[in-house]
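**Student:** Chains as they are written, first to last, in our numbering: chain A, -3 to 397; chain B, 5 to 367.
No wet-lab data here; the hints were simulated from the structure. Ideal Cβ placement from N, Cα and C applies to all residues, glycine included. Hints are all accurate, no fakes.
With the C-beta cut set under 7 Å, the calculated list includes, among others, these residues of chain B facing chain A:
1. 65
2. 95
3. 96
4. 99
5. 100
6. 101
7. 105
8. 109
9. 113
10. 123
11. 124
12. 190
13. 191
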Amino acid sequence: MSDVSVQEPAKSPPPERKGEAREEGNRWAAYLPTIKTTVAAVVLALLIGALLIIFSTPRVIESLKYFFSYPWDFFKFAGIAVWDGYTALVKGSVGSWNSIERTLERAAPLICAGLGVSLAFRSGLFNIGAQGQMLAGAIAAGYVGFHFDFPPGLHLLLAAVAAIAAGAVWGGIAGWLKAATGAHEVISTIMLNYVARFLMIYLLGKELFQRPNSNDRLSPPPAESATFPQVFGVHTGVLLAFLAALGVWWLLERSTTGFEMRAVGANPSAAATAGMHVQRTYFLAMALAGALAGLAAVMQILGQQDSLTENVAGTVGFDAITVALLGRATTLGPVLGGLLFGALSSGGLAMQAAAGVPPELAQVLQALIVLFVAAPALVRGVLRVKAEGDGGTVLAKGWGG
Amino acid sequence: MKRTARSAAALVGVAALTLAACGDREESSTGSSDPSPSESASSSEPAQSNPDFKACIVSDSGGFDDKSFNQTSYAGLQNAADKLGIETGEVESNAPSEFADNIDAMVQEDCNSITTVGFLLGDATLAAAKKNPKIDFSIVDFAYEKAPQNLKGLVFNTAEPSFLAGYLAAGTSESGIVGTLGGAQIPSVTAFMDGFQLGIEKYNEDEGTDVQLIGWDKETQKGTFTNDFESKTKGQSAASEMITQGADIIFPVAGPAGLGALQAVQDADVKAIWVDTDGCVSAAEYCDVLLTSVMKGMDVAVEEAITASLDGNFSSELYTGTLENGGVGLAPYNELEGEIPAELDAKVQELKQQIIDGELKVQ
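Take the sequences, apply the hints, and build the full model.
**Tutor:** And the structure:
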């Protein structure tokens, strides 16, 4: 993690204009404490996680009862439990090609949806609706995927475009409501999540979406011709997640539209005074965020070949918010955050399967990391690091912003 | 019991490792009942010891503590482990996209038998079974039209015991109105409700009464559903609604959401019939309002599948739990036994025998 983050500023293209040169330099300086606190947050979370492992291992608890007679037992069993758990975590996330595959496949939808949330953040919008946008995308991808019969390639393309468009429409509705009526996007996206969920349940009860000869709420799987080919066991859709990150970076950092988005995010009144279309930007940002969430659904339906069920999106749409927060609304952030969460999820599986650690623990670890990242002052306090610029970032404004 | 066995196993390990005087430890550990799910070391207590055999289980998104079908299936694995002295492994799923990975993780752990829970895992289990012909797979609540040699579906004819429950409810109701509610309109739920309705109709036919069922109509396939297996609030409000309509016996088929219905029943001092497991064991705090429970013996079926796999008798033939093979049944009447007239009980037993003998067909 840290290695990758440290290299990032070096990789970014050389500044072209003088004004930006200083900005880039400042940003590099500003990144350093961010990286420090993020790494520290991960380490702290792992330490607390170790305590949780220790006290959720029956053998350790057992040894506590005679702690004063044989204290060594406690330390030995605790050590074994933590070692087993964390080696399983590492092995299960990056320890073999099989685990790396799994990490990548789990990270891909998180990266896409996380980018969507992050993009909205930069425009000053708090997009809670990634879940609903994903479901809308999943419905479209699934329907095109199993209902039609096109040649391979074309079928995949059409299904993917349908999903992205459906996600964009779902996000766009919230954006339009915000732009046209001032309806707060937090409320409208949360409500649209419900609408998407019940739309899915409704459709899964209809013959159009159900498997033939079945009454279960389960659609047919997408056709082979509509799924991403596998290379070395990873579906090639994963590449799209990284391309999407590149696209979002270009949009936000290099294009006029992206500049408007950032300006509106920083101060909508000033942006309006400067002659920017604030309303149009709101709509566009939400539609793009929805499209990225739709892409996340593409990863699951057309990449992992999931059939539609009411729970098809899992918790990806909500984890995406955490990933975006963890990534501090930068472009690289959600990529790293998504990879970290993908690794934790994949490693969490191995911890469960190989070391018998409760599955909730991997989720608690994720939550702890985010908690520490969200409270940089706490981490700095623990580590006694001086506050040197806190890598602050533009997040959504309050009510009526 | 099984927990003590495992603590004992841990204890033996401790003793062997340290060679110190261990009277102190034994004393402090006896009577402790900490479960040790992660420790599956074979113990000396089970009737058999097969440390080379590993049976594994993958849940669907409910998790193994759902007080419903995941938990019951898991109990089957644990019973098998206790009786056969085998190793176990387990993975809980959070989302459908994890199913294939999770089954694969169990394959990587060298499991000899893998049980998956719920129809949502149907595709992933079939794919894994085809890829790993040496592992015996079984899946709860799913039937394949054509299964490979190493894959067994475990399904349950829950309409049969629900029929008996419906008959019993109709015979016990004082208001002449009974209610049922489902967690979702899916076949594994509505099968209970269909059977329940048929039982009530049978009672009306036999006794010339007019006991009404609210919450489900087999003909129109419409009824009351919480559309949520988790939300106790929804189960509670649906049941309260039925109680205000005069229902004095509620049959919630909604997993954990049904616990909310039991709360409503207890508050209104009416009666209920529980599903899947004996409610007086799994939800003992509501035992005083439970007439009986319609039991779906997923634990028995899972245990049998694992045992067959160990003994080399595994077949891909579909297992259907019926009253005849004991795969489904009615729980004892428990605390409300005194309120059930002897002739009604006799009639229920008679109907049960008729179903077993094939004289009476449910549906």
